[in-house]
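J.: Sequence:
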Amino acid sequence: MNDENAEATGDDSHHRRIKSFVMRAGRMTEGQQRGLDQGKPLFVLPLADAPVDFDQVFGRSAPRTLEIGFGMGHSLLEMAAASPEHDFIGVEVHRPGVGALLNGVITQGLTNLRVYDCDAIEVLNRCVADNSLDRLMLFFPDPWHKARHHKRRIVQAEFAELVRTKLKPGGVLHMATDWEPYAEYMLEVMNVAPGYRNLAEDGKCVPRPAERPITKFERRGERLGHGVWDLKFEKLA
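In the working numbering, the protein residues as written are 1 to 237.
Incorrect hints may have been included.
Below are the BS3-like pairs computed for lysine-lysine, each with C-alpha atoms no more than 25 Å apart in a straight line [to be verified]:
(1) Lys232 / Lys204
(2) Lys168 / Lys146
(3) Lys232 / Lys216
(4) Lys168 / Lys216
(5) Lys40 / Lys168
(6) Lys151 / Lys216
(7) Lys204 / Lys151
If you anchor each label on the Cβ, the simulated ranges turn out as follows [unchecked claim]:
(8) Pro194 / Thr29: 29 to 37 Å
(9) Gly59 / Glu161: 30 to 38 Å
(10) Thr107 / Ala50: 16 to 24 Å
(11) Thr107 / Asp134: 33 to 41 Å
(12) Pro41 / Gly227: 21 to 29 Å
(13) Ala48 / Leu224: 26 to 34 Å
(14) Arg27 / Asp130: 36 to 44 Å
(15) Leu224 / Leu110: 17 to 25 Å
(16) Ala82 / Gly170: 16 to 24 Å
(17) Pro169 / Asn191: 34 to 42 Å
If you're looking for bench data, these hints aren't it; they were derived computationally from the structure.
For glycine and all other residues, C-beta sits at the position ideal for the given N, C-alpha and C.
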């Protein structure tokens with residue numbers, strides 16, 4: 001959900017394909033490894049070649065949220081535990097983060113959360129049916145600060161259109177960043193993306209939504225005077 005889970009690039013060729021992550025190694029704790037060993041067979045979904053019937057996966061029809069890059073999974077776990085009537089799908093390639101989330105799912109006995117441990121763009125393209133998500137969350141993606149790296153950002157016109165096709169009419173793309181220039185950039189992209197409505201009253205950012213848990217990272221940033229900007233865009237019918 002932060003920099004270690006953001007979008008990656010391939011080479012610098014003309015045919016660059018944006019991915020949703022940067023693969024980085026990380027040490028596994030005992031709990032994280034336990035989560036992978038016990039939770040992967042139960043909660044990690046394989047990359048499919050056709051849209052998945054999530055009603056069958058979860059055994060019910062319920063409002064459905066997908067999060068790209070959940071980091072260590074703390075916020076996603078908290079949201080899933082607080083809303084048992086909703087189903088959640090998390091996408092993350094960082095193995096310690098996947099293990100930590102799965103360990104939490106097992107420890108808390110959650111049944112409304114599933115995981116993909118592969119590229120989120122592939123998941124959206126191959127596994128998620130059109131007009132099927134109530135919400136897509138992208139929290140603290142890598143802002144790729146340098147101007148020459150802006151093309152590596154996940155928030156591009158193509159991403160906005162892909163997400164729009166997967167959201168139900170009235171579904172919401174919720175993004176958050178702790179870097180104001182990236183918030184401004186995301187607004188530029190989304191304000192011209194067809195088929196969306198900015199939910200901010202001032203046409204910019206919304207107040208921090210109560211449903212997005214505050215992370216330790218965010219609390220530390222607030223003490224240091226750092227801001228966080230939330231953006232919500234609704235898919236028009």
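J.: Does each hint hold? Answer for all of them.
T.: Now the hints, each set against the structure:
1. Lys232 / Lys204: Holds, at roughly 9 Å.
2. Lys168 / Lys146: violated (34 Å)
3. Lys232 / Lys216: Since the Cα atoms of Lys232 and Lys216 sit roughly 22 Å apart, the hinted pair holds (cutoff 25 Å).
4. Lys168 / Lys216: violated (32 Å)
5. Lys40 / Lys168: violated (29 Å)
6. Lys151 / Lys216: violated (29 Å)
7. Lys204 / Lys151: Judged against 25 Å, a Cα distance of about 22 Å means the pair holds.
8. Pro194 / Thr29: 29 to 37 Å: Roughly 45 Å apart at Cβ, these two residues miss the hinted range, so it is violated.
9. Gly59 / Glu161: 30 to 38 Å: holds (32 Å)
10. Thr107 / Ala50: 16 to 24 Å: violated (33 Å)
11. Thr107 / Asp134: 33 to 41 Å: violated (26 Å)
12. Pro41 / Gly227: 21 to 29 Å: The hinted range 21 to 29 Å is violated for Pro41 and Gly227, with Cβ atoms some 41 Å apart.
13. Ala48 / Leu224: 26 to 34 Å: Given about 43 Å between the Cβ atoms, the range is violated.
14. Arg27 / Asp130: 36 to 44 Å: Holds, at about 39 Å.
15. Leu224 / Leu110: 17 to 25 Å: violated (33 Å)
16. Ala82 / Gly170: 16 to 24 Å: The hint (16 to 24 Å, Cβ to Cβ) holds, given that Ala82 and Gly170 are roughly 22 Å apart.
17. Pro169 / Asn191: 34 to 42 Å: violated (20 Å)
When the structure is compared with the earlier hints, violations turn up for hints 2, 4, 5, 6, 8, 10, 11, 12, 13, 15 and 17 and for no others.
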